[in-house]
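> Given next are the chains, with one letter for each unit.
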Amino acid sequence: MKHNYDIVIIGGGVQGLSLAYNLAKINFGTIAVIEKSYIGSGASGRNGEMLRSAFASKEWIQFFNKSMQLWETLSSELDFNVMYTRCGYLVLASSQKKFELCRADVNTQHTYHLKTELLDIKSVKKLIPALSPEMISGGVFQTNGGFARHDAVVWAYARASKRFKVDIFPYTGVTGIRVEHGAVKSVETSKGQLGTNLVINAAGGHAGDIAGMVGLTLPSKTYRLEMIVTEPLKPFLRPMLASLNTMSYMHQSTRGEFVGGAEIKNLKPAKSLKSTLAATQDMARKFIKLFPGLGSARLMRQWGGIVDMTPDIAPVLGPVKEIKGFILNCGWVYGFAGAPAAGELLAQYILTGKMPVEIQPFNIERFEKGELIVDRSLVVPSEAENDGAPL
Amino acid sequence: MSKKIICFCHDITESDIITAIEAGYDDIEMLKRFTGVFMGPCQGKMCMQNVLKLFAQKTGQSIESMRVPTLRPPVEPIPLGALATETVRGDHEA
Amino acid sequence: MMDNPRINGHPILRFDRGKKIRITFNGRSVSAYERETIAAALYVSGVRIFSRSMKYHRPRGLFCLSGHCSHCLMRVNGKPNVRVCRTPVENGMIIEFQNAWPSLKFDIAAISGKFNFLLHPGFYYRYFIKPRWLYHIWERFLRNAAGIGKIEDRPAPYAPVERKQASPQILVVGGGIAGMNAAINAVNKGADVWLIEREHKLGGRFRYDTREVDVDGRSGKKYAFEIVDEMAKKLVPSDHLHILTGTLAFGWYDEGILAATRASEFWEFEPKCTIISTGSYETPFVFENNDLPGVFLAGGIQRLMHRDGVLPGKRAVVITGTNEGYVIAKQLHQAGVAVAAVVDGRNSQSFDGCPEKKFMVTENISVFPHHRIASAIGVKHVRGAVIKPVSVPGKGTHATKIKIGCDIICVAGFRTPANDLLFQRGCEGTYILTCPDNLMRKTKPDKHLSVKDSLYVAGEANGRTSIRKAFLEGEIAGLAAVNHSGSADPATGEKIQKK
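Protein chains in written order, with the working numbering: chain A, 1 to 391; chain B, 1001 to 1094; chain C, 2001 to 2499.
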C-alpha cells in the first residue's frame, strides 16, 4: 500500500474496477481500489446479468446504448473472455396496456437507432414456445441484447487493471474519510491511511455509509433484491426475458440453469443478504405463471443482493458541490449493464473536467430540482406504485 | 491417470481444483465461482468437504482457520411448484 | 449380472414387498413392488447406469440413495431431474433416461471425456476471445450440450400449494434416534412438541441398520432398526405431539420462519424453541474413477439392502477410516455379498481394537490396515479395485499396489453433519478433521446443546456418529428445550421455570 494515491476508488465491484481500468488506461496516475470483501462480492456477483439498451427514456437509451457497444468488444479489450452472449432480449407485455407502452417505446428507441422491433403475440410465441400463452400480449425485442458472466467481468477488469499497475486491496474496510476545508485529504482503512485528493464512492449497497463518512446523505436507500436459480435444464429459453407485468427478469445460463429475480409489491428497504420467504413464494408463482413447465423444475439455490436505489432507479454520477474531490458512482440498480460505459465516461470526466453528455442527466442535483428521470420499462419496483396490472 | 472426480455435478477433477488455486483463485469464494464447485444439484453435499480439505492443503491454511462458506436455502432442491403458494407472506393477502 | 438380486433369506430382516405392479423404463415394461423406490425396481431389472454426468457424460450409478448426490436423476412421468432413489413407484409410471444418446449404456457424448483439456474450468476465459464469432459458435455448442433434464412439456394446470402455519413451543426437525428421543423426553415433561421428518416413516438412517447396540446402557443389545421401532411406537400423536412425516424443512428465511414442504402444503413454522436433529451427509472418497457405477456410499448400500431388499452385487471391497467400515462389511456379508477386503486408512491397532474384529477373522475377511484405495478398475462398472499402502512421510514411495477383483466398492465412515439449517440461521461454525480423511463442519453448542438463542442441535447433526451418543444428546436437547421454553410438569401441573 502506497502512502498516497492520485485517486482512491471505494468499492471493488464491476463499477469501481471498470473505472479503475479506464483511468489506468489513459495514464491517469496512481490508482487504488479498496474493497471490504473479495472483489465482486456485492451486487456485481449476484445480479441477473441482463444486458439491454431497449428502454423507454432518452437518458437510459443513450447511456446504455453506449454501454452495449462496449460490451461487444469487452473481451478483446480486457484480453479475458467475459462470455458475452448476444442471445437477444425480450421485454414482455402481458396486457394490452403494457403492449401499447411497448409500441411507444419502440418508436422512441428507433429515433436513437436501436435495433429493436415490436413483436406481436404470434412472434413472441415463436420466439419462446415455452411461455404461457396467457402471459403474452407482445413485446419489444432487442437483437443485440444478451448476458455476460458476471464473475468473469469482475475478474477481467481486475486483471486488466493490475496490468496497468492499479493497486487493488480486497478485505480492506474503509473506516473514515478525512476532509479538511471542504476537500478530501485522505482515506482511513483497516490496513492503513491513504493520502488522496480524489475519492470515488462506488460502494454499491454501502454507498450510503461511505457518503455518511463525509457528512453526506444520499437521495437513495438500500434495498435487497432476490434471485433464484434452478437445476440445469436442456435449453428452452434463448433470449433474455424481462416481464413488465410481473416485475421479473430471467434468462437461462449456458449451463442450462434458469436464473431469475422478481420483487414483491411494497418492497421495503433492507440491508440483509438473506433470502425472504415472501420473495421465494412470489418468484415461484411468477415464474410458473410465465413458464408452466417450471412447476417441476427445482429451486437449487437462492440469494439476495443489496443495491443503492434512488427514487427514479437511475444512478447518481458525478461530483457533489459540498465536498471537493468526492465523486459519486452509485445509485446503481442496472449497474452491471452500465459498467463499461460508466467507467469510460466517468474516467473522461475525471481527466478533463468536462461531463460527457451521456452521463450528465444522472447528476445528484436532479433530485433537488425535481428533474427525476422517468423510465417505465424497468422491472424493479420503485417507491412509486406500479400501475397495478393484475398477475 | 484416470480422473479423480471431486465434484460429481460439474465433473470437476482434483487436478482442476489444484490448477485453479495455482492460477490465483486462492480465495474459496473465487474458487467456487471459477470452477463451479458447490453450485450444482448437490449444492456441496458431496464435494465441499473434499474441496476444502484440498484447498487447505494447497493454500497452507489450517483447517480450523477456514471460514464456512455461506449456506443458503434450500437445503435440498425443491420443485418450484411446491413453493408457489396462493398468497405471499407479508404481501396484501388477496 | 445377478439372476435374482432380490434378497431372500436374510438372517435378520424380513421384507414385506407388497403387491406387484408394472412401470415402464424407456418403453420397456418393468416389474416392481408397490412401495419400493424406482431405483430399486430398475436395479433389480438390471439397470446399473442411471445417468450420465453433465460435462463428460461419465456413467453414473446408484451412490448415496438419499437424494443428495444427483447420480440417479431421471425423467418420471414427464418431470425432469427426479431423484429415483427417493421416489416410490406407482403403477403405470413412465420413466426415461436423460442427457444421453442413444442410450445410457452407449452414450456418444462420452467422447467429450477425451477432450477435457478443452472443457476444464476456466478454459474459455483465456480462449475464444478473438475472433468474436468463435465464442458465439462455442457458446451455442456448449449451451446445446448442457442441462440435464428437459423442461416439462405438458405440465398440469397451475395449482397453488396451501400455506400452513404453526408456532410450536418446541419444534424437532429430524425424526431419527436423536430427534425421537428429544421429542419423547420433551413430551414427557409436558411440552407441546411438533416433530417433522422428511421420510414417510420416523427413524432416520438407523431404520436401515442391523447393528446391535445397547442404546442407553440398560436395555441390552438390540438391532438398531428395532430400537427405532420401539421409539417410534412411543410417539403417539396427541394434543401435545404433532408428527409430520414426508415433511422436508428446507430453509430458514429472513422473517425468522422455518419453511418446510409436505406434499401440496407449504409449512411456515415460527417455533419458540428448535432442535435440529437432521443427521449427517456421507462424504465420498476421492480416488481415480471414484464415480464409476458400483461405487457406493455405505448408507446408500444399507438402504438398497435393508430398505429395498436388493443385493447390490456379488463381491465388495470396503474403504474406510473408522469402525463403520467393519460394521458395513458385516452387514454386506449378512446380506449375501462376499467381502473381498476391508481397506482401512488407519493403522492396525485400530482394527485390533474394533468390536467387529472377531467377525472379520471368523469369516476370513481380509483386512488391509494402513492402506487406501488408488483407483477403481472398470469402464462402465466396477470390476476391481487397486489399493496401496498409505505413504508415510520420509519413508519413500515404493508402494506395492494390490489389485482386488470386485463389483462393489463401498466407502464407509466419512460423514459431516447436516447442519445447514443452523448456518442459515447465522450460527458460528468451524471445520475439524476427525480423522485424516474426514473433514467435518460443526457448530459449537454449549453443554446443554444450545447453539444460539433457542436453537439446539443433537445427534449426527452435532457431529456424533454413534447411536448411543445420538440417543443421549436427544435427551439432553429435549430437556434443555423444555427448560428454555417453559412448560407444565405433568406430575404437578406447575410451570417449569426457565433456569
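One or more hints might be untrue.
Partial list, computed: chain B residues near chain C (C-beta under 8 angstroms) [unchecked claim]:
| id | residue |
| --- | --- |
| 1 | F1008 |
| 2 | E1014 |
| 3 | I1018 |
| 4 | G1024 |
| 5 | D1027 |
| 6 | E1029 |
| 7 | K1032 |
| 8 | F1034 |
| 9 | K1045 |
| 10 | K1058 |
| 11 | G1060 |
| 12 | A1084 |
| 13 | R1089 |
Please keep in mind that the hints were generated in silico from the structure rather than gathered at the bench. The structure presented is a predicted model; accordingly, all values stated were derived computationally and were not measured. Glycine residues also receive a C-beta, built at the ideal position from the N, C-alpha and C atoms.
> Identify every previously stated hint that the structure contradicts and give their numbers, smallest first.
Hints 3, 4, 5, 6, 7, 10, 11 not satisfied by this model.
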